[in-house]
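Asker: Please build the complete structure, drawing on both the sequences and the hints.
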Amino acid sequence: MKRTLENLLLGAVNALKLAGELPDDTDPAIAVERTRDSQHGDFATNLAMTLAKAARTAPRPLAEKLVACLGQHSAVDRVEIAGPGFINFYLSAESRFEVVQAIHAAGHQYGLSRHGNGRRVQVEFVSANPTGPLHVGHGRGAAYGAAVANLLQATGFEVQREYYVNDAGRQMDILATSVWLRYLEECGAPLVFPANGYRGDYVRAIAAELHQREGERFFKSPVTVWQDLPPDEPQGGDREQHIDALIERARTLLGDADYRIVFDAGLTRILADIRTDLSEFGVDYQNWYSERSLAEGGAVQRAIETLDKAGYLYTRDGALWFASSRLGDEKDRVVVRDNGQTTYFASDIAYHLDKLERGFDALINVWGADHHGYIPRVKAALTALGADPERLQVLLVQFAVLWRGSEKVQMSTRSGEFVTLRQLRNEIGRDAARFFYVLRKSDQHLDFDLELAASNSNENPVYYIQYAHARICSVFRQLDEKGWARDIPQGMQALSRLLDPRESALLTRLARYPEVVETSALNYEPHHLAHYLRELAHEFHTCYNAVSFLVDDAELRNARLNLIAAVRQVLANGLSLLDVSAPEAM
RNA sequence: GCGCUUGUAGCUCAGCCGGAUAGAGCAUCGGCCUUCUAAGCCGAGGGUCGCAGGUUCGAGUCCUGCCAAGCGCGCCA
Numbered sequence: 037m038k039r040t041l042e043n044l045l046l047g048a049v050n051a052l053k054l055a056g057e058l059p060d061d062t063d064p065a066i067a068v069e070r071t072r073d074s075q076h077g078d079f080a081t082n083l084a085m086t087l088a089k090a091a092r093t094a095p096r097p098l099a100e101k102l103v104a105c106l107g108q109h110s111a112v113d114r115v116e117i118a119g120p121g122f123i124n125f126y127l128s129a130e131s132r133f134e135v136v137q138a139i140h141a142a143g144h145q146y147g148l149s150r151h152g153n154g155r156r157v158q159v160e161f162v163s164a165n166p167t168g169p170l171h172v173g174h175g176r177g178a179a180y181g182a183a184v185a186n187l188l189q190a191t192g193f194e195v196q197r198e199y200y201v202n203d204a205g206r207q208m209d210i211l212a213t214s215v216w217l218r219y220l221e222e223c224g225a226p227l228v229f230p231a232n233g234y235r236g237d238y239v240r241a242i243a244a245e246l247h248q249r250e251g252e253r254f255f256k257s258p259v260t261v262w263q264d265l266p267p268d269e270p271q272g273g274d275r276e277q278h279i280d281a282l283i284e285r286a287r288t289l290l291g292d293a294d295y296r297i298v299f300d301a302g303l304t305r306i307l308a309d310i311r312t313d314l315s316e317f318g319v320d321y322q323n324w325y326s327e328r329s330l331a332e333g334g335a336v337q338r339a340i341e342t343l344d345k346a347g348y349l350y351t352r353d354g355a356l357w358f359a360s361s362r363l364g365d366e367k368d369r370v371v372v373r374d375n376g377q378t379t380y381f382a383s384d385i386a387y388h389l390d391k392l393e394r395g396f397d398a399l400i401n402v403w404g405a406d407h408h409g410y411i412p413r414v415k416a417a418l419t420a421l422g423a424d425p426e427r428l429q430v431l432l433v434q435f436a437v438l439w440r441g442s443e444k445v446q447m448s449t450r451s452g453e454f455v456t457l458r459q460l461r462n463e464i465g466r467d468a469a470r471f472f473y474v475l476r477k478s479d480q481h482l483d484f485d486l487e488l489a490a491s492n493s494n495e496n497p498v499y500y501i502q503y504a505h506a507r508i509c510s511v512f513r514q515l516d517e518k519g520w521a522r523d524i525p526q527g528m529q530a531l532s533r534l535l536d537p538r539e540s541a542l543l544t545r546l547a548r549y550p551e552v553v554e555t556s557a558l559n560y561e562p563h564h565l566a567h568y569l570r571e572l573a574h575e576f577h578t579c580y581n582a583v584s585f586l587v588d589d590a591e592l593r594n595a596r597l598n599l600i601a602a603v604r605q606v607l608a609n610g611l612s613l614l615d616v617s618a619p620e621a622m
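According to my numbering, the first sequence is numbered sequentially starting from 37.
Treat each hint with caution, since some may be false.
Stated by the list, open to error - Each computed DSS-like pair below joins lysine-lysine, with the alpha-carbon atoms no more than 25 Å apart: (1) Lys-101 / Lys-53; (2) Lys-38 / Lys-53; (3) Lys-53 / Lys-89; (4) Lys-477 / Lys-518; (5) Lys-101 / Lys-89; (6) Lys-367 / Lys-345.
Unchecked claim - Here are the in silico distance ranges between beta carbons for each label pair: (7) His-144 / Ala-55: 46 to 54 Å; (8) Glu-620 / Arg-373: 55 to 63 Å; (9) Glu-332 / His-407: 39 to 47 Å; (10) Ala-244 / Val-445: 27 to 35 Å.
Worth flagging that the hints you see were computed from the coordinates, not collected in a lab. These numbers come from a predicted model, not from an experiment. Even glycine gets a Cβ: it sits at the ideal position worked out from N, Cα and C.
Answerer: What follows is the structure, encoded as structure tokens:
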């Protein structure tokens, strides 16, 4: 409809150019918008105001000339000029009712578009280190990333959802060592657990399983393990040095092969847990990409060589540096440390090179907002690799701040004191969690009060929307009980009887849905969809309280049933994009 | 100190790449169930859009400065 009106206006502008009322070279950016207030019609444009200067006339007379040159269109009932020079379009009653028919015809496909034209987009999200269960912070990234991916898919993009598994690096070594130490305890060895180790119960569980499966073959006496190690923090030493030394000790005592078994015992079990957790949260991936496979397949080396050939690498202080500051970064970054190890950043360069080579038209990374300083160096890397950095879009998600009433919940993965995503799901349910997470703009802090969500979950807006859906289902059950058959064609014929302002409001809202899906998708802002659904539900509840659907007048009844069936369809479609269920009864 | 982000109702937040009297939820107060689910509806109060300038027909929205908050400034990941 917007497009239709814009074309009409374009015709009027061209007519005025021919008439010499407008300079030939005016290039109008025609913007037709939905009105906020129904008193201003259905659509409005500020065209006369933006062209006033070029036409050297006041906006209102220009608007009158534009309107005079406007072609006829069956969907447009009348056109008015208002305020400082707005041109307001009032749609005909017939065109207003078309949406009910359109929704009925499209069903669950209503709201989908081909805007993306099949372009391939990769959305990488969550990608939490597999060093422990997902916590509520990851939950937000999961809900947001999944919603963005769903929206893009609904807008005609070919979407691949990917999880980057950080199964290499120091954090994983700390996990492996933690597992091994707990394993030693399982074998009966008394020991002091390092301050920097992972203390969660899940580490003990993994160790116990390892002990049960493999027996005591990884046992080494505590004396040899701790011999000549630098002291831990509680003993006045440095926790980082202590844990690094412990890792080294584990490697030497166990040997590469056995160390790998212990390492993988932790990795496999935690990764499997994350996978199940996300799946139960309604989040499924097309691809799980291993960081370790990058290094082992030589991709990191290859990426470094590519940068080198492009002339962006140099040596300083024994390390190999990437001259990212030449490409907009604050400073240069190390890719190979003086001890010969490649950095996490080097892996990331290789990873992004690999993504580019896999041929995606656009790459989307969902990151925690605390990583925002990392964006310039990755973009610099893309440029150095010969790619357009604009192909990568980094979407930031602020961490959720958890509260229990007025008490802020402290979280730390290592101490094991954190609220897991699983606990959250158990407390408030998947639907409420998914919806709550995307209700706010993603780069804003989210205050998540567990007490409120758990004790008084009725207040959660998701139930409000689901209730609207269930209520409509209930009306149709009542219809059956009364022994009335729904006559869809009769209802379609009688749509013109939907004249109550509350019915009109619903019709307008329904017609907006495809636009909401599209803007939500293209701006990566699922909260627009969440708000839209709440408004639609509200307008339905209002209508429900004011208008009886199951009236004796069959024509009117069927018209209203067609309307609320359309509402039900759009509620279901929208909720499904957020992976929230649409219950038939509550 | 530098960089990024954010300041809108008592609280939590929307405000669609400049438009018409600034919106919602919660909270507060007052109404509505013999009729399709009251997890609902209707109404009321509540605002110097952080502050000060600027850009123009027009600014919560764009620009500059200041104030405040969060995050980031590793040969960590």
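Asker: Which hints, by number, does the structure contradict?
Answerer: 4 and 9
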